[in-house]
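Participant: So the sequences go chain by chain: A and B.
In terms of my numbering, the first sequence opens at residue 1 and continues consecutively.
In terms of my numbering, the second sequence opens at residue 1 and continues consecutively.
Careful, some of the hints might be misleading.
Stretch by stretch, here's where chain B covers chain A in the computed footprint (C-beta under 8 Å, at least three residues) [to be verified]: (1) 226 to 237; (2) 299 to 309; (3) 384 to 396.
A few chain B residues facing chain A, derived, Cβ under 8 Å [what the hints assert, rightly or not]: (4) N54; (5) P57; (6) I61; (7) S80; (8) H81; (9) S237; (10) A297; (11) T323; (12) L336; (13) S340.
Some chain A residues flagged as far from chain B (calculated, every beta-carbon gap over 12 Å) [claimed, not checked]: (14) F128; (15) V221; (16) Y246; (17) M275; (18) R405; (19) N416; (20) G430; (21) H452; (22) E464; (23) K495; (24) L572; (25) K591; (26) Q600.
The set of hints was computed from the structure by calculation and includes no laboratory data.
Yeah, the Cβ is synthetic: ideal placement off N, Cα and C, and Gly gets one too.
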Amino acid sequence: MSKPSHNNFTVKFANVNGTGSSSANGMFMKSIFRMGIPVVGKNYFPSNIQGLPTWYEIRASEKGYLSPSGTVDIMVAMNAQTYAEDLASVEPGGYLIYDSSWPRKELMTRDDITVLGVPLAKMCNEAFDTARSRTLMKNTAYVGVLSALLEMDMAVIEQLLLDTFGTKKHLIDANKVALDMGFNYAKENFKCPLIFRAKTSNKTDGHIIIDGNATAALGCVFAGATVGSWYPITPSTSLMDAFSGYCHSLRKDKETEKNNYSIIQAEDELAAIGMALGAGWNGARSFTPTSGPGISLMGEFLGFGYYTEIPTVVFDVQRTGPSTGMPTRTQQCDLMACAYASHGDTKHVCLYPANPEEAFYLSTEAFNLAEQLQTPVFVLSDLDIGMNDWMVKDLEWEDGYQPKRGKVLGKEELDNMENFYRYLDVDGDGIPYRTIPGRHPKGAYFTRGSGHNKLGGYTEDAAEYQDVVDRLLIKWETAKTLVPQPDISYSKKNKIGIISIGSCNDAIREARDVLKKQGQALNYLRVKAFPFNDQVEKFMTQHEKIFVIEQNRDGQLHHMLITETNIDPRKLESLRFYNGIPIFAKDIIQKIEDRINAGQAA
Amino acid sequence: MSYIKKPKIIRDNALRNKLGMTLTDYEGVMSTLCAGCGHDSITGAIIQTVFDLNIEPHRLIKLSGIGCSSKTPAYFASQSHGFNSVHGRMPSVATGAHSANSELFCIGVSGDGDTLSIGMGQFTHAIRRNLNMLYVIENNGVYGLTKGQFSASADVGSTAKKGAPNVQIPIDPCQVAISIGATFVARSFSGDKDQLVPLLKAGLMHRGFAMLDVISPCVTFNDHEGSTKSYMSTRESKREALYTDYIEPFSEIEIDYDQGSSIEIDLHEGGKVILRKAEKEFSPLNKSDSIRVIREAADEGEMLTGLLYIDENTPDFTEMENTVNKPLNEIPFDDLCPGSESLISLQKNYK
Numbered sequence: 001m002s003k004p005s006h007n008n009f010t011v012k013f014a015n016v017n018g019t020g021s022s023s024a025n026g027m028f029m030k031s032i033f034r035m036g037i038p039v040v041g042k043n044y045f046p047s048n049i050q051g052l053p054t055w056y057e058i059r060a061s062e063k064g065y066l067s068p069s070g071t072v073d074i075m076v077a078m079n080a081q082t083y084a085e086d087l088a089s090v091e092p093g094g095y096l097i098y099d100s101s102w103p104r105k106e107l108m109t110r111d112d113i114t115v116l117g118v119p120l121a122k123m124c125n126e127a128f129d130t131a132r133s134r135t136l137m138k139n140t141a142y143v144g145v146l147s148a149l150l151e152m153d154m155a156v157i158e159q160l161l162l163d164t165f166g167t168k169k170h171l172i173d174a175n176k177v178a179l180d181m182g183f184n185y186a187k188e189n190f191k192c193p194l195i196f197r198a199k200t201s202n203k204t205d206g207h208i209i210i211d212g213n214a215t216a217a218l219g220c221v222f223a224g225a226t227v228g229s230w231y232p233i234t235p236s237t238s239l240m241d242a243f244s245g246y247c248h249s250l251r252k253d254k255e256t257e258k259n260n261y262s263i264i265q266a267e268d269e270l271a272a273i274g275m276a277l278g279a280g281w282n283g284a285r286s287f288t289p290t291s292g293p294g295i296s297l298m299g300e301f302l303g304f305g306y307y308t309e310i311p312t313v314v315f316d317v318q319r320t321g322p323s324t325g326m327p328t329r330t331q332q333c334d335l336m337a338c339a340y341a342s343h344g345d346t347k348h349v350c351l352y353p354a355n356p357e358e359a360f361y362l363s364t365e366a367f368n369l370a371e372q373l374q375t376p377v378f379v380l381s382d383l384d385i386g387m388n389d390w391m392v393k394d395l396e397w398e399d400g401y402q403p404k405r406g407k408v409l410g411k412e413e414l415d416n417m418e419n420f421y422r423y424l425d426v427d428g429d430g431i432p433y434r435t436i437p438g439r440h441p442k443g444a445y446f447t448r449g450s451g452h453n454k455l456g457g458y459t460e461d462a463a464e465y466q467d468v469v470d471r472l473l474i475k476w477e478t479a480k481t482l483v484p485q486p487d488i489s490y491s492k493k494n495k496i497g498i499i500s501i502g503s504c505n506d507a508i509r510e511a512r513d514v515l516k517k518q519g520q521a522l523n524y525l526r527v528k529a530f531p532f533n534d535q536v537e538k539f540m541t542q543h544e545k546i547f548v549i550e551q552n553r554d555g556q557l558h559h560m561l562i563t564e565t566n567i568d569p570r571k572l573e574s575l576r577f578y579n580g581i582p583i584f585a586k587d588i589i590q591k592i593e594d595r596i597n598a599g600q601a602a
Numbered sequence: 001m002s003y004i005k006k007p008k009i010i011r012d013n014a015l016r017n018k019l020g021m022t023l024t025d026y027e028g029v030m031s032t033l034c035a036g037c038g039h040d041s042i043t044g045a046i047i048q049t050v051f052d053l054n055i056e057p058h059r060l061i062k063l064s065g066i067g068c069s070s071k072t073p074a075y076f077a078s079q080s081h082g083f084n085s086v087h088g089r090m091p092s093v094a095t096g097a098h099s100a101n102s103e104l105f106c107i108g109v110s111g112d113g114d115t116l117s118i119g120m121g122q123f124t125h126a127i128r129r130n131l132n133m134l135y136v137i138e139n140n141g142v143y144g145l146t147k148g149q150f151s152a153s154a155d156v157g158s159t160a161k162k163g164a165p166n167v168q169i170p171i172d173p174c175q176v177a178i179s180i181g182a183t184f185v186a187r188s189f190s191g192d193k194d195q196l197v198p199l200l201k202a203g204l205m206h207r208g209f210a211m212l213d214v215i216s217p218c219v220t221f222n223d224h225e226g227s228t229k230s231y232m233s234t235r236e237s238k239r240e241a242l243y244t245d246y247i248e249p250f251s252e253i254e255i256d257y258d259q260g261s262s263i264e265i266d267l268h269e270g271g272k273v274i275l276r277k278a279e280k281e282f283s284p285l286n287k288s289d290s291i292r293v294i295r296e297a298a299d300e301g302e303m304l305t306g307l308l309y310i311d312e313n314t315p316d317f318t319e320m321e322n323t324v325n326k327p328l329n330e331i332p333f334d335d336l337c338p339g340s341e342s343l344i345s346l347q348k349n350y351k
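Can you make the complete structure from the sequences, with help from the hints?
Facilitator: Put into structure tokens, the structure is as follows:
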């Protein structure tokens, strides 16, 4: 049931792909943000360029809940093809806006919502000359309608138009005409405002609106990555696009204007990871962004990187599987595929950002860990984090930051060394020393994925082989001390806890607030890295029951927790969400209530 | 060749290059390939090449994939960084390594299986990028390590050890490489060091992708009667299209050659090649010409060798990509990290 409120509502736009709706929808969202109201946008788009249905959902939330609400208060139904389902999805008491340009024989409607017809096409056909502008301006016109219905600050929207189109005066003018047209029509024909209003607030100071592929790319730039290789794949493509864009303005050689970086579009993911490893081996900070199918293709090389101990960073912006799955829908379905990628005994360090802000910091941290631990490190974000617009705190950077390059032998050390052996555990932490090709005559060693001994020589000797793979386990223990600690919210009073991961975070935050109000407070641990450090096991030990919440069908995090710790598996209850839509707080609440009630009944 | 490790002995009167290093200094560990394997001769030719070119070992990287051929980087230049990657994927590793530091000499060693089957994709795309490397195919028409299956370079009618003939059309790496933009394409024979060494030198000093297809008979699985890649068959079918000499920088040209029918080409990384024509009406500067003479020879059952195509003018990968002329892996962090002010400023776009 939609309830009267200000600054708490969800508007959903049902559009046709390729009609230019996204810039208008973005403009609406940013206007709300600039009015100081916390807001989040979720784009549900098809794997298609033109013609298929697409939805954009914008949630305003005074409390700053950034997961989708799972309800629709105002539907802007611009796609006749999906009209019936769009109509059905509106909350009782909510509104539906549609284009009433052409009379319909029988308009499907509902008694429990308010349907508002606006002749958008008719107005735009009269006001604009070209087919393209008539199509585009319909979008701006419905923003005008909404601004009247929600009593938005028009000065904010007009300023945004100026900022967006800059010197392109004809675009500013056209958008202004369309905006006013919609605004005036709503004012004249409907009771404004609706039961919802957007009221100027101050909750967005110190924040930005950005997606996680952009912030991950910024992390690469700030971490000093110089070689990025990739093969285009949704939803990771915009990460490299963003890196390229930032490098273009921030990474030119001062004297020659040439590139202080190399971006290589590979022939496939097999090559992309090979390039990243080649560059990492040769002393550059390197990375490759991909998604699930790419991880599958990279498998062989990832095991090679693990065994030969080459640093690089792999971004997996997860999408639904299995197989091609739904490329434009989100999931956390590669947790195990990444953690144990490749044949043979392999395991990999993984980082799990919860939002674009963390994607920035964990991206930079991934480069440190890769070089400190001399191994490929994964950053597992997902389509929701990577491609949706989130409101996050301003990103910060401390000048004077120095990257952790790990154990790389320099000239003096090699000068004073009798012999250099690549895989010797000198310090007892499982991490050997490495050298960079081209720097010193004494630094040479042979990198091979075949059996090698601690001196770096080829071996088929049982003991020599085992010596090296056992030492890799010592390194794994060291990794536990270096990876980020989990985020924990803990109170001794609570016996039930939640463990979750990545982009589930905001829905869980909201669900916990609601459950607490209902008398069911839950502690919470969010895993930020694999291998799990001691804190994770300790948290499980402290609770009688733990709900493991994640976005995949098979409970991959649940499995990993059981496999990698000594916890009694009966304590863990797996709650899984895997329909490709970002997780909703209300669904979490429902499942937890059901489980707790079922437990009490038993 | 031998399983008994012998200590390296350097005689006082051993020949030394300009760096004061001997041939022995450029050797690697003992080969474990079969006695008589063509690959070992190629290894010897590579050792001679880097010795003669006075290359500092640590300024050379050597990479390979998987297979008998791909074992060989361990057998030369033990003072160079080596990288034995996964099957068919050496070109991508070379691409990444080159991107990190384009100033190093790069030799990739591959085989016909490693290049023309599992590695065909990466091979062709490294060519398209004109990656600055010497790519040697040790081509024997057969999978050795898995005991004698035909590879994609096996000729139609060539028989396996047990007598079955190959029926599938072979892939000729030279024709492929020329057609998709390799800027240096040559073919040679492991048993012809006089031809091989100048080609290796020229390939290494060429700027861009230099591919050298070296017929290298497999003594164990493909050296029998009926094989078209045996020692005997190769000696009979090979015909030199051009005689190639490599002349080091600043050295006198001592060989006798007819200037009218010869071509001199300066190489970007130093030195020059002099090509003496054996084949009439053939210019190695023209792709169509090169492919035509290779095909005509093949139609007559002959295998054309020598430098078959060269283009010293096409930009290499680094130039195409507009990358700085210094190693990316040596740029100071402060020059790479834009700093806090930039971060604050760029975030204004997200307000």
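Participant: Of the hints given before, which are not true for this structure?
Facilitator: 4, 9, 10, 15, 16, 17, 18, 21
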